[in-house]
Amino acid sequence: MKPYRMHLMVCAGTACVSNKSYKIKKVLEEEIKKQGLEDEVAVVTTGCNGFCAQGPLMVVQPDGVFYQLLKEEDIPHLVEEHFLKGRPVKEKMYVPPEEKMPIPTMDNIDFFKYQRLIALRNRGLIDPEKIDEYIARDGYNALVKALTEMSPDDIIREVKTSGLRGRGGAGFPTGLKWELTRASENGEVEKYIVCNADEGDPGAFMDRSIIESDPHSVLEGMAIGARAIGATKGFIYIRHEYPLALERLNKAIKQACEYGLLGENILDTGFNFDVDVHRGAGAFVCGEETALLAALEGRFGEPRPRPPYPVEKGLWGKPTNINNVETWANVPIIISRGSKWFSEIGTETSKGTKVFSLVGKINNTGLVEVPMGITMRDIVYKIGGGIPDGKEFKAVQTGGPSGGCIPKALLDLPVDYESLTDAGSMMGSGGMVVMDEETCMVDVARYFLTFTQDESCGKCTPCREGTKRMLEILTKITQGEGTEEDLQLLEELANEVKKSALCGLGKTAPNPVLTTLRYFRDEYETHIREKKCPAHVCRKLNVYTIDPEICVTKGHGCGVCMRECPEGAIAGEKNKPHRIEQDKCIKCGVCYEVCRFKAIYIQ
Amino acid sequence: MTKLKIEDLAKIQEKTKRLTNLRDGAGRVKITVHMGTCGIAAGARNIMSSLLSEMEKHNISDVIVTTSGCAGLCSREPMATVEIVGESPVKYVDLTEAKIVEIFNKHVLGGEVVTDYALAVGSERTH
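Protein chains in written order, with the numbering used here: chain A, 154 to 756; chain B, 12 to 138.
Keep in mind the hints are simulated off the structure, nothing from the lab.
It is possible that some hints are incorrect.
Unchecked claim - Capping the alpha-carbon separation at 27 Å, the derived lysine-lysine pairs in DSS-like fashion look like this:
#1 A:Lys-179 with B:Lys-28
#2 A:Lys-404 with B:Lys-26
#3 B:Lys-14 with A:Lys-283
#4 A:Lys-283 with B:Lys-28
#5 A:Lys-283 with B:Lys-22
As the list claims (entries may be wrong) - A short list of chain A residues far from chain B (calculated; beta carbon distances all over 10 Å):
#6 Glu-191
#7 Lys-243
#8 Tyr-267
#9 His-393
#10 Gln-632
#11 Leu-642
#12 Asp-700
#13 His-709
#14 Gly-710
To be verified - Computed footprint of chain B on chain A; a stretch qualifies when at least three of its residues, placed anywhere within it, have a C-beta under 8 Å from a C-beta of chain B:
#15 157–168
#16 205–216
#17 232–240
#18 279–288
#19 404–417
C-beta atoms are modelled at their ideal positions from N, C-alpha and C, and glycine is treated no differently.
One chain only, chain A, in its complex shape (with noise of 0.2 Å):
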């Protein structure tokens, strides 16, 4: 076969789908035909980049040159110019921002720069749709290692000195689990390995983008697993919102199973590995793992009090290891290229990477896989490219709902399992969220205590009642209805319920709420004492204001804002200064959000 000069790498992980990218491919290839290049120019589909802001992406190969924000019509163009005439089109390149001079490479851009690629090895480099591409790149190379020069408990000292630890939230040492699942009831009976690929915190998508960027890189992983707990069978938990990665799950366990990689006496060496895939029902307890083990057995998703540990006790009451996604794809390449190589990255008790989904207030929104230890400020300024349109970072929220709020105080806080959860917050499965000025710490509270409440299943009483009262409480604080008692109530429920809850989702629960009292309290203060919102969010404690000056010289009184109040509580006249009645004024914000002349002032 005649070997292609250039591989177009066009993003179709979930985010550049849903801008289309697809389409492009089709373009493009109709294009490179159109020119007479399909036997010279190759178009691949790999899984997701990362710089999910600047999708739909493609990259050029080999020459690594990175096109952002792809549209159907820039592809005549950049097929003739590029892959004909090899003149790079600069215009589809990457800016950052604030400058002007386009960066035409993938490896110079500063958002690729800094992370460090384990878990997400073949992110981009494959196509996750072919289990070749993954051998390619040493895929399943480690099984083959696990399977014939190791023992299982080569396997578990192997992982356990490496210092892994779980990826899904608490931070669990990986090879000791396995050791306590393989220990437990000693091969006697029947245990299983299961994916826990449940990932439901509010922008987070780490485990999604590992599945639909190198599915294999999951399966080689629980095989592994699998050998060294002593299973033989395997399930994959998956959020149902998550139909890409479920579609790539599933072509990557038919494939290998065709090829022999799953199934019964694997590449014939007598091990037998298959593996299941479970789609959730969209409960977010469910990703706690006696409620998915509930789940996965047909039952109501709801947690168990621990011990029994699933490690004991887990699915039909065999002893089951289960280990989050990302966990699981860092699997092999520890097996591959050893404990030493991987325990040398990161601090000295985190150890390896950790994905990202960097999120909210940021230039550079997307997914980030850094070493162990980097300090937020890295992430956020550097890798991030800082807060967008000059505004001032306040707090980055980690660890989704579960999480806390770290403030600009700790941005040279080096990111690990110990220091964030000294900061009041946990790493989680990954989510970072970063808010800028504008936003108000209550708010954030009250939103994150919204989603567990919701979601809280209702079993043990401090979660069930304690995050009602909790969000009862935020919520007259944000209408400006808050005593300082409720401030006290407010704390000391917080505490209780982070005690009594049954399952991490109440346990957690109250981080937030802790955590902006930490570090915000001065916020909560000024809703209570002075009735006014900082940040200007809590509409209710807004008082809008018509500046007569700036109305009549700006403005000539255009009575726009007259017009859109819904109360009618603006009164005033052509080219003279307009009026806002306050015992009319619902506090919606129209007024001041249709003024073009910014002429209406919050109070």
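For this one, chain A is given, so just place chain B on it according to the hints.
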């Protein structure tokens, strides 16, 4: 599909790697065919095809073939630049299909510059 044995895995890896190697962007040799309008008019497309066929014939996967625009010396097109990693790039001019095949065999595979067809060694300063 028959089930794989361990040695089959290595074969698949070898075979696929040959096709996907260039995604790593690190070849032993980089050949640039100049594909400006002048180059294409003078026959650069054929130079490219011959080059790719020659690579297929020799089962080569560590050579990266790329294109660039007009090099500014339109009268000497078709042109190509051969750069072995760690050595100075060599510019070849007035190419024909036979010449590029010879260059591929002698210079790319054999490491010996074909001085008869070469214009110069080295590149213009770019900064």
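Verification of the hints:
no.	hint	in the structure
1	A:Lys-179 with B:Lys-28	25 Å, holds
2	A:Lys-404 with B:Lys-26	21 Å, holds
3	B:Lys-14 with A:Lys-283	17 Å, holds
4	A:Lys-283 with B:Lys-28	13 Å, holds
5	A:Lys-283 with B:Lys-22	16 Å, holds
6	Glu-191	12 Å, holds
7	Lys-243	13 Å, holds
8	Tyr-267	19 Å, holds
9	His-393	31 Å, holds
10	Gln-632	56 Å, holds
11	Leu-642	59 Å, holds
12	Asp-700	53 Å, holds
13	His-709	55 Å, holds
14	Gly-710	58 Å, holds
15	157–168	holds (count 5)
16	205–216	holds (count 3)
17	232–240	holds (count 5)
18	279–288	holds (count 4)
19	404–417	holds (count 5)
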